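Undergrad: Below, each chain spelled out in residue letters.
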Amino acid sequence: MPNKTFFWFFLPTGLVMILFIGLPIISTGIQSFYAQHDQVVKEVKKCDPFGCTVSIVVDQEATSILRDEKPLGKFNGFGTYVDRNHLAIEQISDFWKETETFGEFINQVTNLPFYKALLFTLTYCLFVTPNVLLLGFIIALSLNAISRKIRGPLIFGTILPMIVTPLVGSLVLFWMIDAEGIIGANLQLMMEDPYLSLKSSRTLTWITIIIYGIWHHSPFAFVVFYAALQTVPQEPVEAAIIDGASRYQRIRHIVLPHIYPVVTFVALISLMDNFRVFEPIIGFSAEGSAQSLSWLIYDNLVNEEVILFGSAAATSMMTIIGIAILLAPVLIRTWKEFRTAR
Amino acid sequence: MEYGLDKRSNALKTFNTTFIIIWLLIACFPFIWTFWGSFKVRADFFSRADWWYAISAFNTLLETGGQFTSKAYSEAWTEGEFWRASRNTIIVTVFVVSISLFLGTLGAYALSRSTERYAFWILIAALIFRAMPHITLVSGYLFPFFELQIWGILPTTIVVLVAINQPFTLWLLYSFFKTVPKELDESALIDGCSYFQAFRYIIMPVMWPGVITAGLFSLMLAYNDFTVTALLLNQENHTMVPKIQSYLGTNQHEGNLMWAVSAVVSATAPLFMLVMFFQRQVISGLTTGAVKG
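Just so you know, the protein sequences line up as chains R and P, in that order. In terms of the numbering used here, the first sequence opens at residue 1 and continues consecutively. In terms of the numbering used here, the second sequence opens at residue 1001 and continues consecutively.
Check the hints yourself; a few may be wrong.
[Claimed, not checked] Below, in silico cross-link-like pairs of lysine-lysine (BS3-like), each with a Cα-Cα straight-line distance of 27 Å or less: (1) R/K4 <-> P/K1013; (2) P/K1178 <-> R/K336; (3) R/K70 <-> R/K42; (4) R/K97 <-> R/K70; (5) R/K149 <-> P/K1178; (6) R/K74 <-> R/K42; (7) R/K116 <-> P/K1178.
What the hints contain is simulated information worked out from the structure, not anything from laboratory work. Being a predicted model, the structure only gives us computed values, none of them experimental.
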């Protein structure tokens, strides 16, 4: 296809992507260097028969004029990045000096909002991704062994958790797991602890959200693995059976190597999706004990008084850097393959 | 894989069947339970006293005189203005699907027929864009949209959702277009067609399966989106998912949690029907990129 034709065919989609994905990233980058204005204060002198007092009040008019003139806020450089709500450089060096043991230091650091959210996001990725791969693979193997006639409805049932939006999926589970729901109430009965509830402990909340994540993402891994299993050639498998290979050996040495590229694909996609975990936290009303990076941004953007554009943008930029680190190995590999292919 | 040589033991078969049944229970029961509970009153579905009430309908009988009640539905749809949210969802979904397919087919066709190196890099860039968390993009939109005064209205959200959707649509349609033999449009070009004519009259007619799959995924994204719609639309223009969330926040203390339950069922039912209908396309869509790539 000539370059000119390519250009006209690609122009609409390219334009949309540049305007609404490329530019916003740049806009986020710029916003992250600004912070909202401080309120303008003025001294008011009040005099009464007993003398004069000077009090400091907020000058509403001047504040709003300032906000209208420079809506982006004041230039803050990397100030937002290093403040207490983000990288908290100062606090960390203080903790380093003050705390005596390393465990205590880690404890203090992970109480800072950004690190708390980072810890949860990474824990979530670390537990959900491998389990999703494993469960998806087992379901695919298992369904593959079932008679072809009834597979259709079974597949439909299996992919249900994936097609609902995360908010709805987590709500549906939350209503069962909550103390007043069917599972929560029965757990209380079984454990003989009337105060046992999801919100009562941080660990329980984290476990619930991780279980939700596995429930929600496994169907995706299942679908991809299931399709890949259909393409496994029959001859080597039959040869292995004749040679007396056990079921486990066949899976380990024939099926797995064949679908290996697909495994990396699923791992990559699910890692990308897990890193932006956000809706389940709202669905489970777990803001108190579990916060993710995406949730921090959301929280800044729905702030009641002033929307904290700068703070949200700084967290966004660091999230993007996190994504870049996750994607780097894949990109480097693709580039190498591309270079050798040429 | 039903190997002729592979004799499964009975124990293994039983184990396999049990596992599938347990998994299906885990996957489907929450939805069945929510559907069942949406026809009860709050005191039954969220029972403090005894969870069995949700099945025996103790309070539902007391309050309404019947085993089932559709009170939550009628209230949410009228008083809760869920009708408005579903109307907005329909508008957003229809526009997002048609615009993304239009842009996506053009772009993906060009990518699949180009032998230049930049086509490869565009696909890689699309993959990186696909990885961006939506909330980081939203934090980039909000400020410019406020300044341009285009925040809160449906068209802005539609364009944003189309853009967010493009990377995935491009990848999906690209792999579908790759399966259409090049000779088909090359012969049309020799016969004197322009590229656009070849695309429109030769390629598109054989592309319907791919277009349906891509359309379904755009639909699911637009229909299910929470991040973009919750933050870029004003209260009045909210679609279904942010509406459900607003029921949670405002009504939990007023005892209208049942609105959210019935709204969840109302929003999920059409999606399930659709997927039941197009199951084959959904699965082929998820696998084309993976298995061939």
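Undergrad: Does each hint hold? Answer for all of them.
TA: Going down the list of hints, with the structure as the test:
1. R/K4 <-> P/K1013: Roughly 60 Å between the alpha carbons, so the hint for R/K4 and P/K1013 is violated.
2. P/K1178 <-> R/K336: Measuring from Cα to Cα gives roughly 23 Å; hence the hint holds.
3. R/K70 <-> R/K42: Roughly 20 Å between the alpha carbons, so the hint for R/K70 and R/K42 holds.
4. R/K97 <-> R/K70: Measuring from Cα to Cα gives roughly 40 Å; hence the hint is violated.
5. R/K149 <-> P/K1178: violated (31 Å)
6. R/K74 <-> R/K42: holds (19 Å)
7. R/K116 <-> P/K1178: Status violated; Cα separation ~45 Å.
Hints 1, 4, 5, 7 from the earlier list are contradicted by this structure; the remaining hints agree with it.
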